[in-house]
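2 protein chains.
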Amino acid sequence: MLTHLGDKWTILVILLLAQTPGNRLRFSGIKRGVAGISQRMLTLTLRMLERNGLVVRHYFAEVPPRVEYELSLMGKGMLPPLEFFAQWIGENWPAMEAARREYDARSGQ
Amino acid sequence: MLTHLGDKWTILVILLLAQTPGNRLRFSGIKRGVAGISQRMLTLTLRMLERNGLVVRHYFAEVPPRVEYELSLMGKGMLPPLEFFAQWIGENWPAMEAARREYDARSGQ
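Going line by line, the protein sequences match chains A and B.
Residue numbers are given in UniProt numbering: position 32 of the first sequence equals residue 32, and the series is strictly consecutive.
Residue numbers are given in UniProt numbering: position 75 of the second sequence equals residue 75, and the series is strictly consecutive.
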């Protein structure tokens, strides 16, 4: 479980829904909003989020059927630790990049 | 990068080193302390942590050579957001488990 929660796509989908009015979007809207995510990865990510109660799937029996994904109350509760984590990464990104350059130079990569 | 940082093994290795006096251990000590991690996964995780400056690798040219891995200052700086994230997971674990049971029952798994 911990493996998925810290996963890049999971974090980006949750942050996107959190920043969207009403915290809900259709599949295509989420795909457009998360750069680089594949159809398959988004399907798996949304299924994992729904299964863990972090996202609610709304199905409208229209023609064609409409599906929307909404950040649940528990999903919203995950935002503070996620934002704290994302903030730490943002602040330390330059130092980590410098460490990577030094490591690669040392190991001749 | 974000993908690795939130990875279960990365989090468990950092938390183990953080709880160890001197924040440093040998490879075998880390492997014993992180249940279920394979030799290969620990090697990859430690290399990623070292490459990103979160862990420092100390090499002692003894016979046989000795290697210790130490949580760096930046690595220690990651603890507050990690602990906050781990705390959130701990608090919400029962609700997520209940959601999973309900989802699995609904989808006949």
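Derived by calculation from the structure, the hints in this document are not laboratory data.
Here the structure is a predicted model, which means the values were calculated and not measured.
Hints are supplied without guarantee of correctness; some may be wrong.
Which copy is meant is left open, because identical chains are indistinguishable; a pair holds if it fits in one copy or across any two.
[To be verified] In silico lysine to any residue, SDA-like type, Cα no more than 20 angstroms apart, as pairs: (1) Lys76 - Glu97; (2) Lys8 - Pro65; (3) Lys76 - Arg24; (4) Lys31 - Ala105; (5) Lys31 - Glu91; (6) Lys31 - Ala95; (7) Lys8 - Gly22; (8) Lys76 - Ala86; (9) Lys31 - Ile89; (10) Lys76 - Glu50.
At most 20 angstroms between alpha carbons: which applies to Lys31 and Ile89, within, between, both or neither? The answer is neither: 24 angstroms in one copy and 26 angstroms across copies each exceed 20 angstroms.
If the cutoff is 20 angstroms on CA atoms, where do Lys76 and Glu97 land: within, between, both or neither? Let me know, please. The answer is between: 17 angstroms across copies meets 20 angstroms, while 31 angstroms in one copy does not.
20 angstroms Cα threshold - placement of Gly22 relative to Lys8: neither (23 angstroms within a copy, 31 angstroms between copies)
Homomeric proximity label, Lys31 with Glu91: Cα distance no greater than 20 angstroms: neither (27 angstroms within a copy, 30 angstroms between copies)
20 angstroms Cα cut-off: does Lys31 pair with Ala105 within a copy, between copies, both or neither? Close neither inside one copy (37 angstroms) nor across copies (28 angstroms); limit 20 angstroms.
Alpha-carbon proximity context of Lys76 and Arg24, limit 20 angstroms: Result: close within a single copy only, 12 angstroms intra versus 36 angstroms inter.
If the cut is 20 angstroms between Cα atoms, do Lys8 and Pro65 qualify within a copy, between copies, both or neither? neither (29 angstroms within a copy, 37 angstroms between copies)
Checking an output row: Lys76 and Ala86, CA cutoff 20 angstroms. Within, between, both or neither? both (15 angstroms within a copy, 16 angstroms between copies)
Given identical chains, is Lys76 near Glu50, meaning Cα to Cα at most 20 angstroms, within a copy, between copies, both, or neither? within (13 angstroms within a copy, 33 angstroms between copies)
For Lys31 and Ala95, with the copy left unspecified, which applies at a CA distance of at most 20 angstroms: within, between, both, or neither? For Lys31 and Ala95, the Cα distance exceeds 20 angstroms both inside one copy (31 angstroms) and across copies (27 angstroms).
Violated hints, listed in ascending order, are 2, 4, 5, 6, 7 and 9; each of the other numbered hints is respected by the structure.
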